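Since chain A is already given, all that's left is putting chain B on it; use the hints.
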Amino acid sequence: MARIETPADLEQYRLQLREKFGKYQYAVSVCGGTGCRAYDCINVFETLREIIDKKDMSHTVNLRLTGCQGFCEMGPLMFIHKNGIFYVRISPEAVERIVESSILGDEVVEELLYKSPADGRRIVHQQEIPFYNKQRRFLLAMNRDIDPLNIDDYIAKGGYGSLAWALFESSSEEIIDIIERAGLRGRGGAGFPTGRKWRIARQAPSPDGIKYVICNADEGDPGAYMDRSLLEGNPHQVIEGMTIGAYAIGASEGYVYVRHEYPLAVHHLLEALDQAREKGLLGKNILGSGLDFDIKVSVGGGAFVCGEETGLIASIEGKRGMPRPRPPYPANYGLWGRPTNINNVETWQNVPLILQMGADEYAKIGTEKSKGTKIFSLVGKINNTGLVEVPMGITLREIVYEIGGGIPRGKAFKAVQTGGPSGGCIPAHLLDIPVDFERLQEVGSMMGSGGMIVMDENTCMVDIARYFMEFLTHESCGKCVPCRLGTKRMLEILTKICDGQGTNENLEALESLAADIKASSLCALGGTSPNPVLTTLRYFRDEYEEHIVNKRCPAGICQALITLRIDPDTCTGCGACLKICPVEAISGEKKQPHSIDPEVCIRCKLCISRCPKEAIYTE
Amino acid sequence: MVEIRVNGIDVAAEEGDSLLQAAERAGFRIPALCHHPALYPAGSCRVCVVEEEATGRLVTACDTRVREGMSVLLDTERVRKARRTAIELIFSAHPLHCEVCEENNACSLKALAAVEGISGRELPFGQDLRTVVDANPFYLRDLSKCISCGICIRACQEVQGVGVYEMQGTGKLARPSAAMDTSVDSSPCEYCGLCTSLCPVGALIAKPFLHQGTEEKRVVTTCPYCGVGCSLELRVRENRIVGVAAGVTASVNDISLCVKGRFGLDFVHHRDRLRKPLMRKGGELVEAEWEEALDEVAARLAEVRNRHGPQAIAFLSSAKATNEENYLLQKFARAVMGTNNIDHCARLCHSSSVAGLAASLGSGAMTNSISDLSQAEVILLTGTNTTVNHPVIGQVLKQAALSGGSKLIVVDPRELDIERFATLCLRPRPGTDVAWINAMARVIIDEGLYDGDFLRERAEGFEELREALRGYTPEETEEITGIPAAGLREAARMYAGAERAAILYAMGITQHVTGTDNVMALANLALLAGNLGKGGAGINPLRGQNNVQGACDMGALPNVLPGYQRVDDPEANGKFSLAWGRELPSTPGLSVVEMMEAARKKEIRALFVLGENPMVTDPDVGHVEEALRSLDYLVVLDIFPTETAELADVVLPGTCFAEKEGTFTNTERRVQRVRKAVEPPGEARKDHAVIMELAARLGYRMVYETVAEIMEEIASLTPSYAGISHERLEEGGIQWPCPGPAHPGTPVLHVESFPRGRGRLTPVHYRPPDELPDKEYPFLLTTGRLLFHYHSGSLTRRARSLAEEVPRGWVSFNCEDAERLGLREGDKVRLTSRRGSMLSRAHLSRRLQPGMVFATFHFSEENANLLTNPALDPVSKIPDLKVCAVKAEKVEGGIGDAPAPAT
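Respectively, the protein sequence lines represent chains A and B.
In this text, residue positions in the first sequence follow the numbering used here: the first is 1, and each later residue adds one.
In this text, residue positions in the second sequence follow the numbering used here: the first is 620, and each later residue adds one.
Since the hints were derived computationally from the structure, they do not count as laboratory data.
All values derive from a computational prediction rather than experimental measurement.
Hints are not guaranteed to be accurate.
[As the list claims (entries may be wrong)] Partial list, computed: chain A residues near chain B (C-beta under 10 Å): (1) LYS319; (2) VAL481; (3) GLY486; (4) ALA509.
A virtual CB, placed ideally from N, CA and C, is assigned to each residue, including glycine.
Bound conformation, chain B alone:
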């Protein structure tokens, strides 16, 4: 505690506080323009000057640290004059044509002038900076309004870790400039938009919110894109989203958002939104009334059940839908239809995490929290392109590295952006993860780097593991993985040598036929090093979709009921049967890929799809199409006419995140509220209401007055959600397990023990991928995502700025390979695998190893999933989406349009 005096009043300040912080906490107001609490103070605008009583000196409150006994005056004649002069000077270079103020009346400079009684023309006007730069789809830069405060520069460097901007020029010409004064689109800008949100004036203007007017209300909710679970504040006017802001108290993301969250929400109002049910009549999907549609769906489902039995019906639930909706759909499947055939796209991303971690530790979720990454001394990132797929976690990682506190180890077959922040980067061949991870474990054991106490007290299977690692010295695995032995040893020493080291991984680890083995091998590392059950450590699968964790938690899986209670566990089954008033099936149902196979074989006759798009997202979509066409009946409940909906018999218009109440559970198990901001378009209905209607038609009483009631039921049946209610979530998210209403939630799992008792060290052995390049198919195709698009593209391709930035896909080639194939940037190229073929255009990249090609599945017309291999991991049934063999041919007549952004 430091005692200071402000205007003669004693104020207790914290050590290291600035005068501004201390004074504001004590209720004083000190105006400032260049200050933001999340950024280092710059002392640039000089508006926050105060007078130090002892010396009579004027000091800036933002960057002067409190000292014991310091006394400052906020309102002396000199202070007021200097402050006025600073503001007048700023106005002397700032235009006053605010009748077109793009800041929607949120300009801090204008507000300050109003408070201080400044006209803005006390000094003669003379402006040196005038340019308006419109160089990207996301925001405008109007240098005529820029006050050179440097907030954009600091935000980009300090928070986002990118550094697009730097001051350029001196004196009156000093201004933030991007990419050596060219334009933002030739800079490494990630378009997170933080600068636009912090700019105190209208110099950086987010285009989607330009001239949208002042909001009528603000609604705090959760971002619908990835699993990070960023809190958003939606600004709403006339039933439209007119602005998006971060900075929600106690949020995962603080002031940050990524490009999709900030600029990509206009899909909500897109003209393609489904407004009325569609029914296939005479081969065409035509608009229909809700009653007719619901009656038909109920009747057809009943018919299939009656004729072919409940196992002929299957459900695809959605990782985009809320917990409550997922809960209801699986309840509908099990209690109403009597089948466990329910799954969702988690099968395709992290089923191997769930299986692997459940086997090793007893629970298949991220063990730690995003916020405690900053405590980690070492962070091992593998198979995660974090800055692209979980951009705000990527930003946390960059901050951890920039602060000097954390060293990053990146192990990935591709060169990733995050590597700029890494201490060590290793480049394995795709699909060789078990080999290098085992070798790391071997080094940890051989060099005695393991945590003996931890292993004695909390783990089992050490001897078996040691035995199994015989053939895995770094030298022996180098041949397989391509990782130099020395690098691998260094990684092992760094990881095991740290007091706190975290593992982060994603689909680069899970989407393999050895996915479960990969995950268990990583769990072995964490157990060996004792890196579990404490902050800054753990093994952390980064979940992809906004609510993929929740959809799993809610039992939208064929083998488990909500809270991972097994369908074949008589006790659990009994409990739910009692609660739901129906005898529930006890045989696990089919997984996603198995459903498709079963449909093709006519074993599945009817499929109900809630907000999924398997025609784009599943491996070997040619095969998927065949399966879907074989169905007797396909129902799709979605917000857009997706590629899957085009094949449906009935398409029901649902509601998106902004139109309903509910909860999402993010990747770190944090259950967060989703709140209604706008009305759904047309006749679109809330998804849970649709399920309730169908249940009623099928003779099952499923009635909830509010969505909160559904959560009450979830809590009553799901121990890990027992303490969660919508009411509690008003204060902010809660991380499960939360066993009771007074329980604060669990940021770190396994602090005392593992759900399965002891952590299990599991011997796993290297197996090559199912399909490797050969003479006929000489390239190894690996898949991934882009920062600007999401999943099947059904949302992001309907978000104007995102679609404008990256309108279409491409295939990346290593430059040497491209040269051999005679490919130049933008050339048309055909990729063919044993399963299918697609036409795209070539992008030349130095980030790929020779022999590798990279493509995404965001664009249905050039979809990597036309080629991918549906071979399954035997345990988790996850397909091998990361490795398959393809051939590439140049097609004459280059496309050669907009260059592809770097991947």
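This is chain A alone, in the form it adopts within the complex:
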């Protein structure tokens, strides 16, 4: 069937698809997310396909290479739909056995199952793994079940049903009411109520009637890859959300602004757009409703500041991506001067979900002011690196310890950084705060787009502040003075402190500069840029003072302030450190405790990584 002309056609087509998919005896999903691709999942998938082909089973096995399934720590991942078996860390060599035992048979390959680090127990089913069972995967679950390059998968799963309902069963005002009642807030960082934003754009007059909707896929926080994975794994839900938004607002054209570092997302999105157009779900007269709406993809150069609405708009317009003062807000004066509504990928994906669930049902998830789920990319010093989708209101402790499985090698938790470079570091004593927009802000951080970096005892908080400041001095567009030069001066001070040349006045200067930068920067990038410094100063001031007063880096990170030593009682004199030392700072007789000459040592710590006895420590 080429073009779907009516909602009834869509339903009929869906039934046909379900019937078609129902005919498969088996369905297998191999995770093709960017994380798993790094683990060579493509090879796993190709091997699987070859075996299936060889066995002439291609019409009985529905094979899918999907988007990110979340558990990146354990990739490559494979899910077998028939029996719910979930395999982790699969090598191409293991595929044959999986086919024989678990696809053709009903046996489980024990050693490929997830092994609980707590008790060493093997877990067969995905839902029983702690990483998954605390999550509520309304959005991410789809990633496992569809092939992003095949619109039929999405439609069979109910896709575009919300759009049909919106166009034919509802009015644009009603849609906005529903979004408002559901309590959806922007997932891009600031948490502005989406419904209210839409209403402003709907009511804003346009000089020629043209309005735009934009999907912000310029995810730029270090360590964050939620939007990337949603776009790679389920582009149609973004398209459907944007189309519904366009209908509600009265927009006729949409843009997805995506960074060029996301080639797979761009590829999947372009393919999805083509397929949607072909099916009549995008373009002229969508589903016969009379709605004309199409989406263009604008690939950005990867500037962090283009995640800021006005910078993003400037970039689409072909200008240098630099924010401009607001007001006027894009809702009134946006792309090419027309009313424009911008939401990020995750926000758009929530839209079809809300229409499907109903506002009331959706609003049951989360807290009073923060509704629904939020996806975080859980990274850093954490056992279960991956993408997690949790209901708003869950505590940081649950995320870190239950879903994340705690800190590797039994180290102590020190802080969790949320909200990216604009966010802050939250210390251990606040681990029990519920994760919602307000609470995170109260403690000096923010929701941001969902980056969550866990830090352990070996993280120096001054160094972390310096790292984020360095990122920001580079990503500042340079337009306004506080951000362009203020961040640079702050970085210089932080660098001095890390180098052991800090003074107590430096802390005052940092706080003073931070206050002025916060108060007088042009856009949110500048306005929030002091946050990593301010939160670390707030919660870890003693660490700064240690650097300044005692010239010590308690975490043993700042090179100028540490000395590497070998514990003579532990050292066995194996010589591993001596061999790797690039400056020949280590000496010692074979089988005798070695020692490090601090004058020669450049504190590269290669020796620490090589020592089998963990005999080398920093002081």
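Chain B alone, transformed into the frame defined by chain A:
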């Protein structure tokens, strides 16, 4: 009206005002570095932060719009701290070695630091940008001083419409960069210098004004170059011009100038300036005393008159001279010498406009004003390379297009810069204007796009015109003009479909043997569409010289007295005869080209040239030289030893615009003051004083105490100038007609009626140019000008930066033709026409149609006028300077020096 409170005081603001505008209008001072009222606010320096009382938020005053009830505090603790921090931060990346500040103590940052009590080293100094770029003759860029405020970027994009600069790099490395961080000379920079004038610090420095010291006085005057009439503020120190600024209140140009106005005025002090009279003795021009020179001139003129009659004397007046000087010279010619043989270079540029528009409408000047172009929905540009020849009008056009308000239609045989801003571009063959314009008229009539009411009430001749347009369907003319019929129809629909549509044209229309017909054909269009007598419309000849309009107004023409009062009209003649106390000749005199012919035939024996250079500017200069050499007596009054002066018997040193009082009348009929800024060099005398001296020697009383008195006399005899006086002009220019002292002037002509009553639709027919390419002379030569040079080059080639940028001329060839001729860029090439030959070098251009070549007349040694055709338009006597046939040959031994800039 929006009510806001500033520091607790009620302030009435305009809707859309920024806080800064509203507060400053109410007398508050808010410091800012990146702000300029002509540019969109950027909110970059953050120095103008103020505190919003209700929220306690700091907002920048420059980019925050006033809202009803808003209350802001300008001086709270937080505001002061944030402001200080911003300034301290800027200083933390800005060097303090201001002992060599190139801004001549005009650095805004330093001034601000002084006010705020900032030493500039509160924060440790650390600089990331250091480069000094010296890549062009006009200005330096010193990035070590740049504060990355972006004013240069905005000025270039928003005002000049060019966009040389963009921010490059991020964070601390963010800085304005040109042409992908290469250098300005590989960018499309037009060197208007606006960025240098707005840069708040010394990061962009105009070279001519580098280390010139602080001025002692500032003199507001009018630019001596083109007809736009930009107001200048000259900065003067020790009798030298040490700076040029725009931004004069109520000026045509606001903050803009072009490269010539801003960087090209150093000719005033050039060593070549004539300082003493020169007399030919023993075949050589040698220095002489004024008395001797004046006595001889008077005696020789009297001798010629006595021996050969007054008609043996002729005068070339000057479109560069003031109104008062032109008035006196024509008075001298008519009253003292008794001849109407006076003309000037307007003959060569817009005599066909004067003739054509006078016939169609009754008055031969630009009907509308530069400022009302922004009201036009459609602007038809034809035969005008506006951005090059009238750069500041070009900038107004770009702004009109950029703002989205105006659509431009460009019809020109060459591809022009302005086309980047155009909606529709059509490319006719040179000399086929009547054909395409008629076809447009035909479409307007056929499709019923004409303004019936307007035609009924204000025009005549519709039926005759309709009849005459029979053979001019766009399909029929396509063959002649090369313009596709569909494009022409679109142009007609756009032009006639707009409520307000303006026509702008220049010498591409006028300098043809069909010049007058071309102009009348355009007038037909304007009449048909009812596009006359209202703002944003009209038919607008863009006049070339600074005072070509005024020289015409003043009667420096053979057939009319001041104010276009005909010499053969007994009433007018009587009036002037009475006023001047002499019986005035009533037979029209000879025009420029006719004078040369008459000189060759010895019918003209003596020629007095005021500030003209026919040896370069007239067609077929070989012929001109022959004519000038045939004269018994040639007098040249000029500021430089021009090519014409070299042939003179007496050369008298005159004064330039910066050394005298007077008025210029710009292209939009705006009479503006010229004021003395510096003393003339050596013994150079004011031109009007020279004429007065000669008159006295010839027994005619011509005495004026001041130049203002001359204007009083002009006003008393010239109805359109009746209300104009130097005193009134102190407040700013006035556009004629200005019939009385209380009359505000006339920005738009023909609002109620035309001088001739009804506008006349005139049937005109296509005639081919006088000379077209043939087998022997296969190329069509068309002529034009360059942005960096002016007219015969006598001024611009003596302006250091301009001469350095473009030291010499070239001939442009279409790339295909060049390939056929084996020409590469810079190759030596000889162009030959039936009249002469010149050696130049080749420039390869994609902007020309095949078979066309292009050259200028700025460079006497490679002058297109050695080749041009002196064939005349029968009505206006304008020569066909835009079309002649030439052949081209490659000459071995390429010149191959500096590449030619794109034309």
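Hint-by-hint comparison with the structure:
At its closest, the beta carbon of LYS319 of chain A sits 8 Å from a beta carbon of chain B; the interface hint therefore holds under the 10 Å criterion. Annotation: VAL481 of chain A was flagged as interfacial toward chain B, and the flag holds, the nearest CB pair being 5 Å apart, inside 10 Å. Residue-level restraint check for GLY486 of chain A holds (minimum Cβ-Cβ distance to chain B is 6 Å; threshold 10 Å). Hint status for ALA509 of chain A relative to chain B: holds, with the closest Cβ pair at about 8 Å, below 10 Å.
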